[in-house]
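**Q** As a plain string of letters, each chain reads:
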Amino acid sequence: QKEVEQDPGPLSVPEGAIVSLNCTYSNSAFQYFMWYRQYSRKGPELLMYTYSSGNKEDGRFTAQVDKSSKYISLFIRDSQPSDSATYLCAMSDGSNYQLIWGAGTKLIIKP
Amino acid sequence: DARVTQTPRHKVTEMGQEVTMRCQPILGHNTVFWYRQTMMQGLELLAYFRNRAPLDDSGMPKDRFSAEMPDATLATLKIQPSEPRDSAVYFCASGLVLAEGTGELFFGEGSRLTVL
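Those protein sequences? They're chains A and B, same order as listed. Note that our numbering numbers the first sequence so that position 72 is 77, with each residue one more than the last. Note that our numbering numbers the second sequence so that position 57 is 49, with each residue one more than the last.
Keep in mind that the hints were calculated from the coordinates and are not lab data. The model shown is predicted, which means the values in this text are computed figures rather than measured ones. Ideal Cβ placement from N, Cα and C applies to all residues, glycine included. One or more hints might be untrue.
Which bits of chain A does chain B cover? Going by a derived footprint, with three or more residues having C-beta under 8 Å, they are [to be verified]:
no.	segment
1	70 to 83
2	100 to 110
Below are the BS3-like pairs computed for lysine-lysine, each with C-alpha atoms no more than 27 Å apart in a straight line [what the hints assert, rightly or not]:
no.	chain 1	residue 1	chain 2	residue 2
3	B	Lys3	A	Lys111
4	A	Lys115	B	Lys70
5	A	Lys7	B	Lys54
6	B	Lys70	B	Lys54
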């Protein structure tokens, strides 16, 4: 079993829908949780960064961490075709400089 | 606009040939990572450096891969000899990693390697 599990998709939704992307993890020591977005043939870029539990909102994006369930989510409201990309979760326990990555979920927003 | 620069963007080579990939991290960043990405394995950490010192290269096949950081503006990843299973996209990322071990990573656009 991998430390971080993420459904690779693809997830296809119509424009304007609310999108929910999720990761589960097994290491209770993880404290730092990130979502990276990767467009085709590009490198990943940081989208959201959360420390410990709780919610964080940035425009149409909300990151949610539930440490008791070892479950993190990324919500995208009013999804746009430009949101079509692969979304990777990553997390760290803060003890070193390594991130543990999910496999990435490919998201397709249909116009 | 500061960014991580990787060369070459694309490389096609034959099995057994040496391949060198180069990375210019963002000025001022103290940590540099080399990742490999494939459809099957996703993002795999190969090696990383902090303040140019190698911290971990346990993800690399040591018999054929080597990573160095000769100065603060250049990181290299070398494969010798290359094999078809090395075909992947290789990413360099740099970041200003904070004392507690976290920080945003900035990725280059990757070097797409095909070994025939």
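**Q** A separate judgement is required for each hint: does it hold in the structure or not?
**A** Okay, the hints, checked on the actual structure:
Only residues whose C-beta sits within less than 8 Å of a C-beta in chain B count toward coverage, and the segment 70 to 83 of chain A has 0 of them, not enough to reach three; the restraint is violated. Only residues whose C-beta sits within less than 8 Å of a C-beta in chain B count toward coverage, and the segment 100 to 110 of chain A has 9 of them, enough to reach three; the restraint holds. Of the supplied pair hints, the one linking Lys3 of chain B and Lys111 of chain A holds, its CA atoms being roughly 26 Å apart against a limit of 27 Å. With a C-alpha separation of about 41 Å, the suggested pairing of Lys115 of chain A with Lys70 of chain B is violated against the 27 Å cut-off.
This hinted pair checks out: Lys7 of chain A and Lys54 of chain B have alpha carbons roughly 24 Å apart, not beyond 27 Å. Between Lys70 of chain B and Lys54 of chain B the alpha-carbon distance is near 11 Å, which keeps this suggested pair within the 27 Å criterion.
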